[in-house]
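*Asks:* Each chain, letter by letter, is given below.
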Amino acid sequence: MADLKPASSQMISANDLWTGQVVFLTRAASWTTDPARAALSESAEDSEALLGLAAQSNARAEVELVHLIAASLRDDGTPWPSRNREDIRALGPTVRRDLGYQAEVRPTL
Amino acid sequence: MYRYDDYDQTLVNQRIADFRDAVARRLSGHLSEEEFKLIRQMNGVYLQLHAYMLRVAIPYGSLDSRQMHKLAHIARIYDKGYGHFTTRQNIQYNWPSLREMPDLLQELAAVQMHAIQTSGNLIRNVTADQYAGATAEEVDDPRPYAELIRQWSTLHPEFSFLPRKFKIAVTASATDRTAVKFHDIGLILHDDPEQGRGFEVIVGGGMGRTPFVGPSLRDHLPEAQILTYLEAVLRTYNELGRRDNAYKARIKILVHELGAEAFRTLVEDEFAKLLPQADDLPQAELLRIRERFIVPELDALPARDPGFDAAYEKDEDFRQWVKVNSAPHKVAGYIIANISLKPYGGIPGDISADQMDLVADLAERYGHDEIRATHAQNLVLPHVKLRDLYDIWQALSVAGLGTANLDRASDIIACPGLDYCVLANARSIPIAQEISKRFAAKGREDLVGELKIKISGCINACGHHHAGHIGILGVDRKGEEMYQLTLGGSGDEQASIGQITGRGFDEAGIVDAVDTVVETYLGHREDHETFLETYRRLGPAPFKEALYGTA
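Chains A and B, in that order, give the protein sequences. The numbers in the first sequence follow UniProt numbering, run straight up by one, and end at 109. The numbers in the second sequence follow UniProt numbering, run straight up by one, and end at 551.
It is worth saying that the hints were derived from the structure and are not from the lab. Ideal placement from N, C-alpha and C gives every residue a C-beta, glycine not left out. Careful: at least some of the hints might be erroneous.
[As the list claims (entries may be wrong)] Interface residues of chain A toward chain B, partial, derived using beta-carbon atoms under 10 Å:
id: 1; residue: W18
id: 2; residue: T19
id: 3; residue: T26
id: 4; residue: R27
id: 5; residue: S30
id: 6; residue: L51
id: 7; residue: R74
id: 8; residue: T78
[As the list claims (entries may be wrong)] Just a sample of chain A residues kept apart from chain B, beta carbon distances all over 10 Å, derived:
id: 9; residue: V22
id: 10; residue: D46
id: 11; residue: S47
id: 12; residue: E48
id: 13; residue: R60
id: 14; residue: E64
id: 15; residue: P79
id: 16; residue: T94
id: 17; residue: L99
id: 18; residue: G100
id: 19; residue: E104
[Claimed, not checked] Covered stretches of chain B, going by a simulated chain A footprint (3 or more residues, C-beta under 8 Å):
id: 20; region: 97–108
id: 21; region: 170–183
id: 22; region: 245–255
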């Protein structure tokens, strides 16, 4: 997002065009539903490059609503969205823990 | 129920064919995201936080068992087993895929349903009193007028790209259950002894960022001139409404900035120009629409029923539900039954596919095949026999639909909030759940009586917080969810806008704050005053003092 400071860490998110599912861009320029596997950008240049990859994917009609989100490294060294809204978006509704990405990962947690 | 004619059905089918084509072109990359966005929105398809959301229109909140069964089927096949009734008598699905959307819409069309007028800057789905055709209060059934406006406004070429969305409500009762004064246009049907049948026309009400109780532009508009007058209002708004700022684009801002008198003059000038050549509502057209409404043939029954009386006497829970959730019917031996979609601690407005099927079955078996959705996110069986009510309630109770809390503290209106909505700043549903649990645990809803709590997760006010006796607005304060409290709002015939009490509260604090407000009310109320009556008598001072202290 434009209001993010260049120094803050970021990742790129979007929605899968066909299903609407929340996805995150990886280093391999693929999309994952797991934010922990997303590419974490530490610089404006890197974010720019990742956005370029995401834009190509958007042009190929794979995803909608490409946007940068604030992210940071968790204690286990994996990245995760740092804002409440994006955390909810990544996991699913807080009032329905049986739905969304959180429902898929819960059994293994 | 209104039945489609060939024209209605053809229109809906063509619309789906167009949308199917557009989806195929988007999926194959021939349409860009921007090009497609407008098309999907015109077909009720939004992209929310987690997935696509489809909003299905339920014109004036009326549906039959076949349609409700279809909604259940769609919840099972295309969604995750549930749907969500909204504050505009519509239903939303939270998880359908874009790929399957055309098939979903085709299934809806098979039962004369669609998603037209549920998105975009146009005249939205017209809402009406959920007790229409059943309450003795009304002048006449308002739904044929609502249907007339629906037909007139559907895909209206001049009014498909208004400065902003446009909402119309119609009621015909002294008691307003439609929040008529908070609409872009609110119509109140009446019979004047001298001037005959007509409408009071309210224009420029609304909630959102800048709430207004709409001023009355006309005390009496003859019914035959209704479409011409609507055209005059819409044309004036379409020309002068602001398109430079989305926050100032609703008609309420125009009416407010010009002043109601100046706006009325503009509308009357336009109306006078239109009237000589107007194709006024021909009575034949209204008659045609009336004929396509299946009016249930109600039986001649005694006013009392021994079976009902016995059940009412012996079963305390049933008695309580009847007292709280039913309303008198205009025909002897019948009653209006409200089905709460607000189980204690539940998600307001959510309903499972199985529950939808049950409601459909009950409507078909006992309710002359009629169901209504309310703007308060509940359902109604408008025509049930007193003698069947105990069976109905037992079936509802088993399915978790028998909560006796209509218009009580736990009957909370809440928007989807940050759990689902891309616009939200804070979550609404968990706050509603906690307040509901708190009241249920204390077992004092009955003591408190009528109390309307309404929660919005952002300033767009889909949760109607401005009109809540107690209103809650979720805001984002540096990444933290905070909640502002308003008191004294009302969405009924004596509409008012709630006033902010002071600084906001965090998630736990807002539940305590509501508790404090209710305790204050209980401490100050006289005789049988409702919360709103006490608040209006005392003003905000004692409540503020209880919340924030005297300092």
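*Asks:* Hint by hint, note whether the structure agrees.
*Replies:* Hint check:
| no. | hint | result |
| --- | --- | --- |
| 1 | W18 | holds, 5 Å |
| 2 | T19 | holds, 4 Å |
| 3 | T26 | violated, 20 Å |
| 4 | R27 | violated, 24 Å |
| 5 | S30 | violated, 18 Å |
| 6 | L51 | violated, 15 Å |
| 7 | R74 | violated, 17 Å |
| 8 | T78 | violated, 21 Å |
| 9 | V22 | violated, 6 Å |
| 10 | D46 | holds, 24 Å |
| 11 | S47 | holds, 20 Å |
| 12 | E48 | holds, 20 Å |
| 13 | R60 | violated, 6 Å |
| 14 | E64 | violated, 5 Å |
| 15 | P79 | holds, 18 Å |
| 16 | T94 | violated, 6 Å |
| 17 | L99 | violated, 6 Å |
| 18 | G100 | violated, 6 Å |
| 19 | E104 | holds, 12 Å |
| 20 | 97–108 | holds (count 3) |
| 21 | 170–183 | violated (count 0) |
| 22 | 245–255 | violated (count 0) |
When the structure is compared with the earlier hints, violations turn up for hints 3, 4, 5, 6, 7, 8, 9, 13, 14, 16, 17, 18, 21, 22 and for no others.
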